[in-house]
Every structure is written in C-alpha cells, then in structure tokens.
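Chains A and B are the protein sequences, given in the same order. One point on numbering: in full-length UniProt numbering, the residue at position 216 of the first sequence is 216, and numbering is uninterrupted. One point on numbering: in full-length UniProt numbering, the residue at position 32 of the second sequence is 32, and numbering is uninterrupted.
Don't take every hint at face value.
[To be verified] The calculated DMTMM-like cross-link candidates involving lysine to aspartate or glutamate, where the alpha carbons are at most 25 angstroms apart (straight line), are:
(1) A:Lys115 to A:Asp138
(2) B:Lys138 to A:Asp138
(3) B:Lys108 to A:Asp138
(4) B:Lys142 to A:Asp138
I should point out that these hints are in silico values taken from the structure, not numbers from a laboratory.
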Amino acid sequence: MFRNQYDTDVTTWSPAGRLFQVEYAMEAVKQGSAAIGLRSKTHIVLGCVNKANSELSSHQKKIFKVDDHIGVAIAGLTADGRVLSRYMRNECINYSFTYESPLPVGRLVVQLADKAQVCTQRSWKRPYGVGLLVAGLDESGAHLYYNCPSGNYFEYQAFAIGSRSQAAKTYLERKFENFTDASRDDLVKDALMAIRETLQGETLKSSVCTIAVVGVGEPFHILDQGTVQQMIDAFEIVGEQEGPDAAAGQEASAEPEQGAGAGEGVAPMDI
Amino acid sequence: MNFMASKQPENSLLGPEADSQRTLYPYVTGTSVVALKYKDGILMAADMGGSYGSTLRYKSVERMKSIGKHSLLGASGEISDFQEILRYLDELILYDNMWDDGNSLGPKEVHNYLTRVMYNRRNKFNPLWNSLVLGGVKNGQKYLGTVSMIGVNFEDNHVATGFGNHLARPILRQEWHENLSYEDGVRLLEKCMRVLLYRDRSAINKLQIAKITEEGTTISRPYSLKTYWEFSAFANPAQGAVGTW
Numbered sequence: 001m002f003r004n005q006y007d008t009d010v011t012t013w014s015p016a017g018r019l020f021q022v023e024y025a026m027e028a029v030k031q032g033s034a035a036i037g038l039r040s041k042t043h044i045v046l047g048c049v050n051k052a053n054s055e056l057s058s059h060q061k062k063i064f065k066v067d068d069h070i071g072v073a074i075a076g077l078t079a080d081g082r083v084l085s086r087y088m089r090n091e092c093i094n095y096s097f098t099y100e101s102p103l104p105v106g107r108l109v110v111q112l113a114d115k116a117q118v119c120t121q122r123s124w125k126r127p128y129g130v131g132l133l134v135a136g137l138d139e140s141g142a143h144l145y146y147n148c149p150s151g152n153y154f155e156y157q158a159f160a161i162g163s164r165s166q167a168a169k170t171y172l173e174r175k176f177e178n179f180t181d182a183s184r185d186d187l188v189k190d191a192l193m194a195i196r197e198t199l200q201g202e203t204l205k206s207s208v209c210t211i212a213v214v215g216v217g218e219p220f221h222i223l224d225q226g227t228v229q230q231m232i233d234a235f236e237i238v239g240e241q242e243g244p245d246a247a248a249g250q251e252a253s254a255e256p257e258q259g260a261g262a263g264e265g266v267a268p269m270d271i
Numbered sequence: 001m002n003f004m005a006s007k008q009p010e011n012s013l014l015g016p017e018a019d020s021q022r023t024l025y026p027y028v029t030g031t032s033v034v035a036l037k038y039k040d041g042i043l044m045a046a047d048m049g050g051s052y053g054s055t056l057r058y059k060s061v062e063r064m065k066s067i068g069k070h071s072l073l074g075a076s077g078e079i080s081d082f083q084e085i086l087r088y089l090d091e092l093i094l095y096d097n098m099w100d101d102g103n104s105l106g107p108k109e110v111h112n113y114l115t116r117v118m119y120n121r122r123n124k125f126n127p128l129w130n131s132l133v134l135g136g137v138k139n140g141q142k143y144l145g146t147v148s149m150i151g152v153n154f155e156d157n158h159v160a161t162g163f164g165n166h167l168a169r170p171i172l173r174q175e176w177h178e179n180l181s182y183e184d185g186v187r188l189l190e191k192c193m194r195v196l197l198y199r200d201r202s203a204i205n206k207l208q209i210a211k212i213t214e215e216g217t218t219i220s221r222p223y224s225l226k227t228y229w230e231f232s233a234f235a236n237p238a239q240g241a242v243g244t245w
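Next comes chain B alone, as it looks inside the complex (with noise of 0.2 angstroms):
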C-alpha cells in the first residue's frame, strides 16, 4: 500500500526541511547597548562591532537607529534579525503616519510592539536573536525600556543588554541619579564603556551615543574611547590568583 507523503506548504515550520528556516544559532552578534535617562531625554552608547563568532569582523556596525519621531531602538545580538526588526518598525510607523491625524505612536507603544512581536517569535521556535532598548521622549514623558529575545520586558531608569548587565549595570546602580545633566550623562556612559571595553572580548573601541530629547534624536560621529593599559594588575595578572590566565 502506498499512501501519498502530506505536503507541507513551503513555508511551515513543521517536517525536516523546516529546521534550516528556524533560527538555531546567531552568525554575525553585537555585543552591550547601556542606556540611561537623564535630564531632557535618553542617553545610549553601543559600540559598532559586528563579531562572526570569535572573529571581530565588522568594525561600522551601527546598532543605533531612530524610530518614528519619539523612540531611538539599540541592539545587540544577530545583527540581520536586528535589521529585519527595523523593517518591522519601518512599516510600523508607515501606516501611523499615514492616518495623517495628529496620533503617533511613542515609545511606550513602539516598546509593547516589539514585546509582543519578540514573544511570539520565541513561541513559534523562531526567535529574532536580539536583546533591545527602546528610549525616548513624548510629551515631556521620558521612557527606556528593553526586550530580550524571549519576549521578557521590563522599562527602569537605565538598562543594558549582555554584559552590560554584569558590568555597566552596577556602576549605573551607584552612581545614576534623577535630573543628570547631559555631560555627566556621557561621562557615565563612557565609563560603563570603557569598562565592557577592558573586559568584553567581543567589544572595539569604536562606539557612538545617541541622545534623544523631545526635540529629537542625534546620533554621535563614531569615536573612540582612551584607554590605559599600564595598571599594575594587567601586568601581572596571575598575582592574586595563583593557576589563573
């Protein structure tokens, strides 16, 4: 007896051929984005590296982009799933500019949209490989949020994705305060970055902040940080831990 094998449309997810569609493993990966609210709006800084696995490939990557008129979206992780998102959030604000009617979506809106888009990604098998941060400013409200590739949100006074987590995070939780002005801001930002830039592999010293304000976004010209190598400890990095390397 032969019985006619079930077709599956092309583009299921289910049957063998349908794993080589799903997205298993990141390729080219972004590493931290940190963000920090302070006085008129949203600072961020992400470096511009794209690394192919342990190789630091790309070095022009930007991982900042503005959304609409009020959100600025920071990325890491895939950095092709980072500019499918951006194709999302294109058509997004496409069809809210086209009601033409004086609504528009904030980041508040924009940060609910990609939970719900990253959730049921992540529920269907085929994550969009990224953790984001979401800021921005309207109507005098300031927002920062992030999403990670799981679906999980949360918004707070300052965020950071990867290892911007493990070691921005602690020195924001020190020293943030409400009301920064805008060169404190930076200051803080750049030594979360210096830090990830001593002590992530997969950072450059190649990075850019944006700030958004109700005003609007600017992007920074990418620069880099200094950096001071000579500190005893780095030296003679096994002196305090003997069988260390």
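Next up, chain A with everything else stripped away, as it sits in the complex (with noise of 0.2 angstroms):
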C-alpha cells in the first residue's frame, strides 16, 4: 500500500469507498505473529508461534483464557489484544454473576465487533490494531470466530492470521473436511502441522509455539510445554511423505545441532 491523501484520518473515506486507517490495522494484524484456530464438532484448539525479541528475552503472551468455555488467541499489537481480552473476561464473568451461566461465545463476539466499529467512526480514536481467533462454546457446539479491526467477524472451520499464515491456511484449506469429526488429539496434531508450515523450515519445538484446547468437558487451557514437545515428538518424527515436509524432515535431524544454540537460549517464561 503507498501513502496516499485520504490516509489520514479513520473518518474520512477515499473516492473508491475505502477507510485507509481501517485497513493499516488489518496490515498490524498480519506483520504479526501466526496465530492458527481450528475446530471439531465439541472441541477447538488455538496455537500460536511465539517470536521472542532477542535469545534474553521471554515471548509474548499471545493466547488468552477469557472464561471456562472461550479463550482468544490474538495477532498484531499485543498491547491491543490484552484490552481486548480484558474487556472479554470483564464481559464474561459479569454475565456468569446475573445469570449463572457462561455468556454464549456468539453473543461475546458480536459485543467485541461492535466495540472495534466504534473505532472506526470516531475522529479521535484510532482502530485496535489487532485481530482475535475467538474459541469458545455455547448451546449449539465448538465455534471459531475471527474478529478482525474493521469490525466485522466471521465464523471459521479453520484459520489462521498473522505473518506467514497463508501457508497454515494452505494446509488447513486441504484438511479441514475432516476436522468435524476429529478426535481431541488429531486436532492437536493438525494445529502443530498448521504452525510448522508458517515456519517455512524453521524445526518445530514446544519453545516457540503455544497450543490451547478447549471443548466439551475440557475447560479452556494452555496445554503445557512438556505435553506439546511429546505430541511433536510423536507426531513429526514419523514426517508425513509430502514434499514441503520431506524438506522440513531433513531439517529436523540436523537439529541436535541447532538445538544445542537457540533451543536452550529461550528462557522458559510460558505460564
């Protein structure tokens, strides 16, 4: 995109009909970090890669528990996707108190839609420069929503945002027929699948990426590094024969090597 005269504000629009501010925001959201969701008929599973800034520092919180039944992984301004996780679980939780009940996750995401649009016609505001993968549960089922900073939502199968994405999305466009009746556990190893691909080569290990599960009986959490490094252990070491992994396979056996720098560099900060 090149500058331009009508880039200035958010309320003003150009002569095509587009809000340029607008869609700079959605441009934060994809130089930011993958972030990939999918989902079965009862369960949903969030991961993201988490790029720490240099070999001393830890990385970014990028996934969210906002209640038992939802939880949000985000890409774009972190800084963004905590206020907006704050606002979800302020949301919630008032919800659970006069209703003793969760809040349905499709009526959480409209709220969080309609607090971003406001965003966009206001002259002295500007656009959450952040986009949200919503998982959560309700009456009818596992659901996945994307909000995106123009304010509009979606509902997805599968996605995937941020940098790189389009190769997670590339794979989850080929399998994703077979996520409705997915086990808990190939879900998990679809979401591992989907984020090796946006590392383009880069070995996959539980230090830079995060899972999250949430589902029908499973309260929404982080799953740990320990259990993530045993399914990638379990799943990727018996690579799949298609022709990106047979690459990524090679890579993997060189590892030793590799691990031994910046593998042991990256201080273990998840919580």
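Combine both chains into one complex, guided by the hints.
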C-alpha cells in the first residue's frame, strides 16, 4: 500500500469507498506472528508462534483464557489484544454473575465486533491493531470466530492469521473436511502441523509455539510445554510423505546441532 | 448567614420526600403459590385473588405468567410490583430475542436474573414486595426455584410462597416423588390448594393450574375446588381447645 491523501484519519473515506486507516490496522495484524485455530464438533484448538525479541527475553503472551468455555489467540499489537481480552473477561464474568450461566460465545463476538466498529467511526480514536481468533462453546456446540480491526467477524472451521499464515491456511484448506469428526488429539496434531507450515523450515519445538484447547467437558487451558513437545515428537518424526514436509524432515535430523544453540537459549517463561 | 439548601435530583432515595417513593407496605396482595416438578416438567398453582388488606377485593388476578419460551413465573405479594417485574422480564426477553442467534435464556438464567434484581432492590431499601416462583424446562432439564423479596433464592423439587410454605410443603414432603404423572401432580396440587383454601383467610375458591413442559406452557381456565364444611371439628371448633375462637 502506498500513502495517499485520504489516509490521515479514520473518518475520511477515499473516493473508492475505502477507509485506509482501517486497512492499515489490518496490515498490523498481518505483520504479527502467526496464530491459528481449528475446530471439530466438540473441541477447538488454538495455536500460535512465539517469537521472542532476542534470546535474552521471554516471548509475548498471545493466547488468553477468557472464561472456562472461551479463549482467544491474537495477532498484531499485543497490547491492544491484552486490553480486549480484559474486556472479554469482564463481559463473561458479569454475565455469569447475573445469569449463573456461561456467556454464549456468539454474543461475546458480536459485542467485540461492535466495540471495534466504534473505533472506525470516531475521529479521536484509532482502530484496534489486533486480530482475534475467538474459540468458545455454547448451546449449539463448538465455535471459532475471527474478529477483525474493521469490526467484522466471521465464523470458521479453521483459520490462520499473522505473518506467513497463508502457508498454514493452505494446509488447513487441504485438511479441514476431516476436522468436524476428528478426535481431540488429531485436532492438536493438525494445529501443530499448521504451525509448522508457518515456520517455513525452522524446526518445530515446544519453545516456539503455544497450544490451547477447549472442548465439551474440557475447560479452556493452555497445554504445558512438556505435553506439547511429546506430541511434536510423537507426530513429527513419523513425518508425512508430502513435498514441503520432506524438507522439514531433513532439517529435523539436523536439529541436535541447532537445538544446542538456539533452543536452550530461550527462557522458559511460558505461563 | 444563609446557605442554599442542597437539592437532590428528583429520583434520589435520600431526604424526607423520598420515603413516599420507597415501598414500605404492600397494598394489593396475592397469597400462596405452590409448584412441583413432575415427569414432563413443572406444575404450578395459584388462586386468582387480590386482597386489599383484609378485603378480598379483586377476584380475577392472574398471578402466573409465561416468560419467554422456557419459563413460567408465579408471584405472591404486591400485585403492582409483580407487574413491574413482568415489565423487566419483557425487556429482558425482548433483548434476548433480538440477538436472533439460536441461544435463549432458560429458567435458570431468568431465576438468577430475578435474584439479582430482588437483592439489589432490597439493598437500596426499596424492595419489590413479592415472593416469586420460577419454573421451566429447557433441553430436557427441569428447573424449579424461588426468590423472596429480600433476595433469598434456592431451587427444589417443590416450592411454595407465603402460607404455602407452612401448609402445603409438609404435604409435598410426604407425598411428592420423582416422576409424578400429570394427573397425580394435579391431584397433589389440588390437595395443597384445598388445605390453603380452608385455612388461609386470603385464599379464594378460584384458581388456575399451569403446566410447563419442553413443548410449552399451558395455563388452565379458572376453576374452583369442591369443599366440605360439615366436618364435625368445623361445627364445634372450640371443643378440643377451650378458650379458642
């Protein structure tokens, strides 16, 4: 995108009927590190790539528990994401207090979208620079939504956002027809595979990714690194016979050399 | 020195004028509501009387109303406050329907909402002078609960308000069991209502029985119970208790 005379504030339309500030906000989402989500009839898995600024620092938290039955993964300006997570947690807890019942995720998503829309129509505000993958359960089953800075929201069977998410989306598009009836563990495996696609050849290990699960009878929780690594080991080494994966397979065998350097250097600050 | 007296906004509850706006006593009241769970859902009974103190003034007051798709509300106490509660619930259900998204508030949610309303009013010393019974069925789950004017709430297999607690619930404790048929449930409720009719001076012999199941709510036409006044104890009530009246 190039600068133009209609992109200074969010309340200016371009002659072509575009709001450039909103589109720039969506760019911010595309620049953030990847987050993916996929769902079956009873479970939803969220995953994200954690990139620490340097070997000395910890990575940013990108997956938030909103309630026992709702969680969110973000991509983009994580500070905006944190603020929106706090809003979502507040809404959920107020609803639970009044009705002693969990807030249906579809309603939370609409409230979130309306909140984002407000920022696209006030001259003294700016759009939130974060995309949210909202995973939650309600009466009608498991749901995965994507909330945009524009105030739009969509429901998905599977989706990926952030940088290099196209690679994950391609993988998900190939596999999504199986997701509805997949088991919980298969769903997590597919999430890990999708994350691996976004790493473009880098080794997949539990220190670079975070996985969270929510499902019927399973409250939202982030899987601990040990479990994730076990799943990676169980699924990855027995690689698939597909083109891009063969290359990744070779890199995996070179892992011990890379692992000693980069792998152990990342501080285990995963909460 | 003359200080300007501070003005309260018109709707505040502080200051001397405010007392006329708080509920201090009830005026037109309904008496007991009795309800129980049965095989297919909930049965609830209430008479149609609205008393004005000791006068049985209004005799066609409907004290049970259906709420949304899944709930039934019965109320005793101040009738105007019951009407106010129906307005609150009307708005609640309206907004719930406006989401148009396949989710709907069930009896548990309505019960808890009412608990919050009653308790918050009590905290402001401006109660809604009612005892409410909320029953319903959603997704096969039967629900029956009650809320009082001070915000006390609980669920049970059978509940009652006012005199019903003292006269009807002992009967229900003895004779209620899981999976009552519709006929048995009605018979049991009528037994309770008959005792209340004999013994509660604000009861009238014109009642309705309401049923709520997964399919929906039905409130019966008003009818009356057969009574028998020739019991010998009624003929000579002071016999066993000299000095009574």
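**Message:** Can you confirm whether the C-alpha distance between B:Lys142 and A:Asp138 stays at or below 25 angstroms?
**Reply:** Holds, at roughly 19 angstroms.
**Item:** B:Lys108 paired with A:Asp138 [C-alpha distance capped at 25 angstroms]
**Value:** 15 angstroms, holds
**Request:** Sort out whether A:Asp138 lies within 25 angstroms of A:Lys115, counting only the CA atoms.
**Result:** 21 angstroms, holds
**Request:** Sort out whether A:Asp138 lies within 25 angstroms of B:Lys138, counting only the CA atoms.
**Result:** The given pair, whose Cα atoms are some 14 angstroms apart, holds under the 25 angstroms limit.
Comparing the model with each numbered hint stated earlier shows that all of them hold.
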